[in-house]
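> Order-wise, the sequence lines are chains C and A.
Take 0 as the starting number for the first sequence in numbering that gives the first Met the number 0 and just add one per residue.
Take 0 as the starting number for the second sequence in numbering that gives the first Met the number 0 and just add one per residue.
These aren't lab readings, by the way, just hints derived from the structure by calculation.
The structure displayed is predicted, hence computed values, not measured ones.
Treat the hints with care, since some could be wrong.
[Claimed, not checked] Chain A regions said to be covered by chain C (calculated; three or more residues, Cβ under 8 Å):
1) 140 to 147
2) 153 to 162
3) 207 to 220
Don't be surprised by glycine CBs; every beta carbon is placed ideally from N, CA and C.
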Amino acid sequence: MGGIDDLPEASTVTASTFESDSIRVVTGNSDRILAGHVDDPMLGDMTTTGYLDFSTASDIPGEFRTGPVTSVQLRLVPDYTYGSTTGTTAFHLNEMPSEFTSNGARADTTLPAGATVTDFSISPTDTLVVIDLPAAWVSANDATLRGTSFGTDFHGFQIQPAGGQTVFGFDLARTVLRVVSNGETVNYPVSQRLWTASRSGTLALPPNELLVQDGFGNGVSFDFTFRQDSSLVGGAVNRAIIALYADTLSLQQNAPANFTRPVLQGVILAALIDTSAVALGQFSLRDGKFVMTSGDIINIVQRRLSGVETADRFRVTPIVNNTINPLLLYTPSAPDKAPKAVVTVSPTGE
Amino acid sequence: MSRHITSFSLARKLFFAGCLSVLLAPAAFAQRNNDGSIYSRYGLGELRAFPSAQLQAMGGGGTSVLSYTYVNLTNPATWADQILTRFSAGVLYQGVQATDASNDVSRLTEGTLNAFQFSFPIGSKVGVALGYEPYSRVSYRVQRDGALPPDPVLGDTSHFILNLEGSGGLQRFVGGVGYRINRNISVGADANIIFGILEDARRTDFTGGTFRESYLSTSTRLAGVTGTLGGIVTLPQLASENDVFTVGAAFTLPATLSGSRVRTLSPNDRTPGDTLETKVPDGSVKLPWGVRAGAAYSYDQRWLLVVDGQYQPWSNFSSDFSFAGYDPGGVSTFRDRIRASAGLEFLPAGTDLVRPFLARVAYRLGAYYDRSYVSPIAGVDLHTVALTAGLGIPLFNPGTRLDLGFEIGTRGQTDQNLVRDTFYRISASVNFGERWFQRRRLR
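Just chain C, with the same shape it has in the complex (with noise of 0.2 Å):
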């Protein structure tokens, strides 16, 4: 009927503010660690670095228990790898003279590390990486290796890079501290783990964009100003949407030849209040950008239009996967690519 005018409507709103933001990513207790060394032309000098501690096992034979013990393996299994891929990356595996906590521990620790116990090198081909400890170490080791307070007597190792062009990461379901005594073979598995990143140098982005990236905790946080559009002030919300792109391209483009750089595929959304952050869900890149919508988000949004504000603004940062991978983000300065809310209502007539 005539005269019948408020009916639903989409409206879109650029984002006013996006900058970049970062959080302190928890890399303790992980499923995997990395090591390693990579110098990014376009994200700086990226260093990880691995702690390993291993538990005892059950149901050890006692003859295992009599020694002496012959060999110990360290048994590393890489699942990934970011940086080159040809050439191999040295380590250090230094011995570790204390026992360390990983519960919560996040990726800026530092952890005091002894003495080197031996080098070994991985190449990215490498499906197992098989390191024999020395002689001389075994045997000063022999009986806390064999004893029934190994869990606690030995402190583990840290995985050191020593140069190289590569960041491995290693399955710790699979990785193990096998150790050979009196005929005898014992996988012990890892108990703690920690892995820490460090980066120098500057970033080299292409302008427009901003850093997303896992490991380091780099993020985005950004506004909208809905009431400044009249025709969403006071409607009720049916839908919400925030559409933030990512440019691919780029970091595949600019990698320098045998350079693998994945690139990373989800976020967390979260409303920021004063330094409280409510997660408003995860979301995955699909096709070229993140489609966010929620009824968390349509909630927040409609507060906002109704003058109550609860929120200071939105973040996205790194779903925590262990690995480095970034993503590019464009920011508002983007033509057709600025991150935007479209934010569908039904006007109330006020």
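Chain A: place on chain C using the hints.
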């Protein structure tokens, strides 16, 4: 020797009045059927008035009609002429058929309380009247569907269904006094308390896509006071010995209604979501003044001819709240209201109470035109034309009547995507008359 005697039928009448009140009470609260005209969505609703059961069936006017039988709420000056203490109450049943340009038809019905009236004389020159009647009525239900354009991000298209419902309205308590100055002139004044709740709800449903349904209800409370001043000039034997000609006018003061509004917004589905209740800052609504004038010609106490006119400059309406058709500081589609009516009554028996029953029945006919104060579209007037009819049926006591009213009319148009309402109304009122507060003497 004298004794004070109370009418032996008073207890029976009070009992009947009590039963009637009990029967009417559910109707009084049955104002949420949402089954009226879509045009009641606009402004403060569809304006209603109940001058008296007699005048309602004669076109709804009667500013100058004096009656010993009925209380005329259009003009307090008419209350000067009373003999009996009177009480009346009535109900209204309405049906509306709405037709659009595609000849699609919807039919809705509703029943409501019409009015209460109470009056009594004080001496021979003064009369007091109290009344309760609807001032406006909001009762509608409409649905509109459509499609959203493709989403700029997702590219999907979705359809929506918008349901609009309204209920409630404003009521009017009126109380005042009429005074006969002399044989020819009467004056009167009354005070009106206008109050009520206007409720609107809109629900938006979607098909396809990841939308949340929404339900918004708005409840607006308004209350305020105004008053009416009236006068009547009576000219008996103007053209013959058995006729009476009266002219009358009444002026209603502008009114300011204080109000408050609460908006509640909630998801319409069962998934968790916010329910926001927002109290809009209190404000006021300014109703315009109104004037009405009319003339009546009565012959031989059997014939009564009435013509009437009414004017309210609703273009002067202002409000701190928005209503459909009105936006504070913005667009308003309100128009000045004009109403004209005419009616005729024939009572064959006149004042002869021993005539046969059918001769003591009053037969009524009338018509009116109303240009509404609201319009769904700016610049498009909303016209109502209707015919009225009725019967005034004497009951068991000379002072008591049952009045039946009938009305049929059309409102609106099908051009410009509007609808044309064809409505009918059936009303029934009972009117009691009794001598109260007077001593009777038996010798």
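> It remains to establish, for every hint, whether it holds in the given structure.
Results of checking the hints against the structure:
no. : hint       : result
1   : 140 to 147 : holds (count 4)
2   : 153 to 162 : holds (count 3)
3   : 207 to 220 : holds (count 9)
Hint compliance for this structure: no hint is broken.
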